[in-house]
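Chains as they are written, first to last, in our numbering: chain A, 15 to 350; chain B, 212 to 645; chain C, 210 to 482.
Please note that the accuracy of each hint is not assured.
Claimed, not checked - Simulated pairs of lysine-lysine, PhoX-like, Cα-Cα distance not exceeding 25 Å:
| # | chain 1 | residue 1 | chain 2 | residue 2 |
| --- | --- | --- | --- | --- |
| 1 | A | Lys121 | B | Lys645 |
| 2 | A | Lys123 | B | Lys515 |
| 3 | A | Lys179 | A | Lys252 |
Please keep in mind that the hints were generated in silico from the structure rather than gathered at the bench.
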Amino acid sequence: MDFLNAIVALANFVIIPAVAYGSQLALGALGVTLIYGILRFSNFAHGDTMAFGTMVTILVTWWLQAQGITLGPLPTALLALPFGILGCMALLLLTDKLVYRFYREQKAKPMILVIVSTGVMFIMNGLVRLIIGPDDQRFADGERFIITAREFKQMTGLQEGLALKTTQGITVVTAVVVVALLFWFLNRTRTGKSMRAYSDNEDLALLSGINPERVVTYTWLIVAALATVAGTLYGLDKSYKPFVYFQLLLPIFASAIVGGLGSPIGAIAGGFVIAFSEVTITYAWKKVLGYLMPDSLAPDGLVQLLSTDYKFAVSFVILLIVLLFRPTGLFGGKSA
Amino acid sequence: MNESLKNTALFLLVAVLIVITGVSQSWNAALLILNMGLVSAIMAIGVNLQWGFAGLFNVGVMGFVALGGLAVVLVSTDPVSEGWSAGGWQILLGLVLGAATITAAVLAYGRLPKGRTRALAVLAILVVGFFVYRAVFDPGVEAVEAINPAGAGNIGGLGLPVLLAWPAGGLLAAGAAWLIGKTALGLRSDYLAIATMGIAEIIIAVMKNEDWLARGVKNVVGLPRPLPYEIDLQNDAGFVASAANLGLDPVTASTLYVKLGYSLLFLVVLLMLLWMAQMALKSPWGRMMRAIRDNEIAAEAMGKDVTRRHLQVFVLGSAICGMAGAMMTTLDGQLTPGTYQPLRFTFLIWVMVIVGGSGNNFGAILGAMLIWFLWVQVEPIGLWLMQVITAGLPDGSALKAHLIDSAAHMRLLTMGVLLLVVLRFSPRGLIPEK
Amino acid sequence: MSGPGYGDRGNNDRSIVNPQGAGELGSHPGTGHAMDTGSAFLIGDSMTGGYGSGPDILHDCTVSVNRGEIAVIVGPNGAGKSTAMKAVFGMLDLHQGSVRLDGEDITDLTPQDRVVKGMGFVPQTNNIFPSLTVEENLEMGAFIRRDDFRDTMDQVFDLFPILKDKRNQPAGELSGGQRQQVAVGRALMTQPKVLMLDEPTAGVSPIVMDELFDRIIEVSRTGIPILMVEQNARQALEIADRGYVLVQGRNAYTGTGKQLLADPEVRRSFLGG
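Could you put together the complete structure from these sequences and hints?
Structure below.
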């Protein structure tokens, strides 16, 4: 029984939150990795792109809620999500047209594009703060839990409860659907293959008659969708605050690099590696160990390896370890 | 137009802008802008050293600036003797043990033959070391933080003159930079960016959470300053008399006096650093730096140790940023870890360097002064603009209130637009590299 | 220098001979054999040019290929062989000369447009999409085609049977020779009217090289004219209907493959005796 309790506690406090967080990171990292593969620079504005897409989703959600339209037990934000994606697409295409295209035509070095993206980051950050303000916003509605801890205890008779939040369930399901769609697109459609070809070998793609501008446009569209979905899921699961999205840049980059920049599979793997490390290292293991060990050996302290305030340090250290021992990432990206 | 004439005109423009502020708003406000502009200029010189000379993309400026701030607390505040006797030494011992663990792991990794034994040995060292470190460190921290948490709860500093904190801030930042550079340099340039960004966040997290060090988010206020306090000046009959001679009331005179004092101090440091940076730029070392930047492969083929040179310039630039951070904290008179934001302390400095002219020290200084002026003044201008735009809307309308409220966020937008415009139409900046 | 035996034997004493104004303009009309470039299917005619505003690399250089032929460009390192190929494909700034395909002037077309016009080009390096599978590589080769390209793919698989076996493997994991086959196969997918190969055997072992040459002959037998640059001059000239020896960006010798192989001057200078 103690063993079961330990497993349930582990699932409740570590596995479920980490899977949800990992899915959000993976979606974010996919966007970063696509831009890196196709446009060949690290996009510092990605966190703020997520913030922008989520903001549009939130505004539409509020409007829908005001109209009395809801999704019943599911969050209304799911209904607003397509509008958020469209808004984000419009913004990214406009940014590309006004900003990035010029540097592509100049054949500017990727480093210049990175700096340009910090300029874009300022603008997007400013836009979001202008429109929705820098404060915390709540927009989740519907049922809060799929299973509450109490129901679970009654169902199983265990001491430990297992709670599954609706947002966590939705995060995982949505992430799976989005990733499946993305991989189907990249591996099965002509346009998707042409994007991979362009990412592999730009000159040869040109010689094969692949239109680079088209590839770039598709990339931005996909990135907009990924960023908005990732941002909205994160916002539903935790809360929406523009600055937090900017800070997400670090774990997202870490995920993309750990997996191997430019590799979509790597981005997903990296997202989960980072998420699981962050959660396990900052989790207080007292409860789980208390179940597993005999009473005499039960730990007195929290058995927390690092305080949650240092979660950035975790992604950072993993990033460093991977860079030092396997610079191309777990799935061998484009960078060496 | 003659180049030096143009450059002089640009600097004059900034001076005129500040004078206008003085006349139209207040001289206190103008001097405030000038002082922070000078500090920003020093940070910009540091970043320019890394980016302009060597092409290193450091997005961890915030971390080094914050370390400089920490140095002010550690150097200039009085030691908290209860803290030291309660657990200060234990904390130090814990830190030494932690460092020893890492050193041992690195040594073991280097010495042992490759294989499973090595991996296990390194892992064992790390795990055992970690628990020993926590066992020594945690009780020490608890003991220190328990002492008078409302007023102290930390180990305090060395009680030395605050001006010593400036080079100390540089040293602290240099040490951190050396550690980062040793691990991250030699990787690709984007990776250095991510690594520095991460370390900056970690430094801020440490400063926010390690209360024993500098009281964390409880802040350290009332730091010693190198200049007299306004209140002392106002009680000084001689000062009041000379202020009256200039036609100033004592309160204004004293604040202006102190601010001008800071301006002079900062200007001295800035000019010194500028002179050094200029000499470095013209020296064989500077030429080699730029040669490496322009063609790393060729430089490497000529036998230049590129990574080592990069490490040098990275440490130097970061040290300058740390020094500027210490100066800034001295100016503020308090250390508030919660106020360090990457947009303000990292990316804004970058805007300054790019707008001013990467690779040109004068450009960096000009960019810093100009951008800082805009950063401060865009807010009132934005507010005014919003008021003009919303003049037609009825009072109390939600949109009007929202627009006026959000004027404060205009500065980020403006900085982004400015950066993009300069990059597009004058990519080498206002004063380009020669 | 005049012919053997007619030299001045190192004697350049100005007091007894006066070489000044003696005239150096020799009469060397013709090549001694007809090349009929007028009917050439693809011709880069008297091309002069270089990269950007840099110095000229090609000087009045002409290369061409007729229907059903293999034309080979050989020459020492740095002779401008690949540059001549790039010029024909529109990747060089030409100041003079023209490029014509099937009688049509294509000098001003971009490389992409030349592909549409029916030129297939296999670059020397980076000529595959390494993370795409072999089949996807071929598909990308047919990107500009909107019709069904299955037949063409089958033809490519017939020509290069090994590719059929490895169709689902990422091209980057193949051996050097197999990658070259993928590269040629990719170019064939557009059903080009002419195929241009830039050093297809660079960096492969002699055995693989022989096999590649066999494949190239087979491709040529399907009726596609081939213009290629080769480092291995002797073998290339053996299969060539037409050969160009370039030296410092100029045409040094031109002839059929056999003629060039038989030419003592060419043998001594470029084929190692």
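Exercise. Find the hints from earlier in the document that the structure breaks and name them by number, from lowest to highest.
Key: none
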